[in-house]
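Q: Residue-level listing of the chains:
There are 2 protein chains.
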Amino acid sequence: MADGKVRIYNMRFCPYAQRAILVAEAKSVPYDVVNINLITKPEWIFGKNPMGKVPTLELPSGDVLYESLIVADYLDDAYPGRKLNSSDPLRRAQDRILIENFGTVTSIGSFYKLSISRPHTDEQSALLQEIRKGLAPFERELTQRGTKFFGGADAPGMVDYMIWPWVERMSLFKVAFPDLSDYQNDKKENPKLEQWRQAMKEDPAVKSYYLTPEQHFHFAASYLQGEMPDYDCLEELNSKI
Amino acid sequence: MADGKVRIYNMRFCPYAQRAILVAEAKSVPYDVVNINLITKPEWIFGKNPMGKVPTLELPSGDVLYESLIVADYLDDAYPGRKLNSSDPLRRAQDRILIENFGTVTSIGSFYKLSISRPHTDEQSALLQEIRKGLAPFERELTQRGTKFFGGADAPGMVDYMIWPWVERMSLFKVAFPDLSDYQNDKKENPKLEQWRQAMKEDPAVKSYYLTPEQHFHFAASYLQGEMPDYDCLEELNSKI
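Chains as they are written, first to last, in the numbering used here: chain A, 6 to 246; chain B, 6 to 246.
Hints are computed from structural coordinates only; laboratory data are not their basis. Among these hints, one or two may not hold up.
For identical chains, the list gives no copy identity; a pair is met inside one copy or between any two copies.
[What the hints assert, rightly or not] No farther apart than 20 Å at their CA atoms in a straight line, the calculated lysine to any residue pairs in the SDA-like style are these:
| id | residue 1 | residue 2 |
| --- | --- | --- |
| 1 | K138 | G52 |
| 2 | K58 | P47 |
| 3 | K88 | K153 |
| 4 | K58 | G108 |
| 5 | K179 | I102 |
| 6 | K153 | K212 |
| 7 | K179 | G157 |
| 8 | K193 | P47 |
| 9 | K53 | R97 |
| 10 | K197 | Q220 |
| 11 | K53 | P142 |
| 12 | K138 | Q149 |
| 13 | K193 | G9 |
| 14 | K206 | G67 |
| 15 | K197 | V39 |
| 16 | K193 | L103 |
| 17 | K53 | K138 |
| 18 | K138 | F51 |
| 19 | K10 | L95 |
| 20 | K53 | E146 |
Here the structure is a predicted model, which is why all the values come from computation and not from measurement.
Using the sequences and the accompanying hints, generate a full structural model.
A: See the structure below:
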């Protein structure tokens, strides 16, 4: 990395790692990506991050950082360009509380499980309720803020990018169950969030890394088969187009 | 709070709430404390913090913040006085990783359980090992930094205050088992941390809120009896002196 780029250790379908990519894109941070297999992890990743998780960020200096929110804050603090975190301490703290509260939605295992079988078991129905409950404060917050994005009128900020990876994946429910009205009422239940989702899809950083519901669904299905997820499926899926 | 003070909803023996108090003290933020009973929580706390947890910070504006690290960052960002977080983005990110990693040590239930019965069960021995393992990176880090505090040569910074509440409580093991050499070898095993601990005990913020090992032990014992912890024991203990 003598070229001054940072390196993001990544897994293409990991929503946490996507947080780092979105921030790097939004801030035009020069970066390379190294995708790793999270099932059979390469031994060397533990030399960089004792948890062996993604995202892991390696700086040109050789220093290594991890944990998606820490990596995101670092990129925002250390690089020029528009600031994703608010410069107002109160707004920044409120934003961080929102992001932490999104934790009720971020269990990707739950997401994948919901997309794969029906009729739903009681456990699945409970998961879906959990996700719905987790989204409600975001609908309220967007309404209160009265802006297009959580980060303001013009462009997404830190909250927007930190929650986006899971929202992008929610559409896989509709792929899984096109006839199930449970998954069709976003506009009615969360009209502000639905407008926000449409606006986010037009953001250049989001666009640059966007996967379709079908692509997420394909990966989810391979993930749930229990052995080796189809990490390389994008190439195959793209070649079909 | 027309007087411009912040209000910290607190429980006197809660290590997370102690984080907020230590930062307020270190920065000379004017504050009041409202202690609440965490077993039979007053209904109104949920109106301020949906989790009903401490610390919860109420600002003179009426805005409310919670989550100990968010509250600590807010107080550091919003108030004048020495900065506890580093202004260097890399150091700040590294500090945050350290604090998050301390999570392996912060299960206070484990702490209390360790102090109360012997000989140790296998579960307790495992907990003790877990705590030991959690401390090792901090000994290494202090050695590498070569400073008296994690925050530098002169005064504690954010890492110091965020981990202190649990270190203060570690001494309760020695009260519980004065003859047990397992708990007597801090100086041998973690010499830097032991020097740091002694220096921290002299810090004005730490001193202002310090409880003795005996006081922590008394509370732990009441907590483990399973019904109502002895929240008001300090008054009684102090009157015995």
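Q: Reference check for the pair K179 and I102, CA-CA at most 20 Å: within, between, both, or neither?
A: So K179 and I102 fail the 20 Å test inside a copy (29 Å) and across (37 Å) alike.
Q: As a check of your reading, is K88 near K153 (CA-CA no more than 20 Å) within one copy, between copies, both or neither?
A: within (17 Å within a copy, 34 Å between copies)
Q: Please work out whether the CA atoms of K53 and E146 approach to 20 Å or closer within one copy, between two copies, in both situations, or in neither?
A: Answer is between: at 16 Å across copies they meet the 20 Å cutoff, but 38 Å inside does not.
Q: Measure nothing new, just compare the shortest in-copy and cross-copy C-alpha distances for K193 and L103 to 20 Å and report within, between, both or neither.
A: So K193 and L103 fail the 20 Å test inside a copy (22 Å) and across (44 Å) alike.
Q: Between the shortest in-copy and the shortest cross-copy C-alpha distance, which are at most 20 Å for K58 and P47: within, between, both, or neither?
A: within (11 Å within a copy, 40 Å between copies)
Q: With identical chains treated as interchangeable, where does the CA-CA distance between K138 and Q149 reach 20 Å or less: within a copy, between copies, both, or neither?
A: Cα proximity of K138 and Q149: one copy only (18 Å, versus 45 Å across).
Q: Have a look at K197 and Q220 and pick one of within, between, both or neither, based on CA distance no larger than 20 Å.
A: neither (26 Å within a copy, 52 Å between copies)
Q: Is it within, between, both or neither when you check K10 against L95 at 20 Å Cα-Cα?
A: Result: close only across copies, 16 Å inter versus 33 Å intra.
Q: State whether the alpha carbon distance between K197 and V39 is at most 20 Å within one copy, between copies, both, or neither.
A: This pair counts as neither: shortest intra-copy Cα distance 36 Å, inter-copy 37 Å.
Q: With identical chains treated as interchangeable, where does the CA-CA distance between K58 and G108 reach 20 Å or less: within a copy, between copies, both, or neither?
A: Both, since 18 Å and 16 Å are each at most 20 Å.
Q: With identical chains treated as interchangeable, where does the CA-CA distance between K193 and G9 reach 20 Å or less: within a copy, between copies, both, or neither?
A: Intra 47 Å, inter 43 Å, cutoff 20 Å: neither.
Q: Checking K179 and G157: alpha-carbon separation at most 20 Å within a copy, between copies, both or neither?
A: neither (29 Å within a copy, 53 Å between copies)
Hint compliance for this structure: hints 5, 7, 8, 10, 13, 14, 15 and 16 are not met, and every other hint is.
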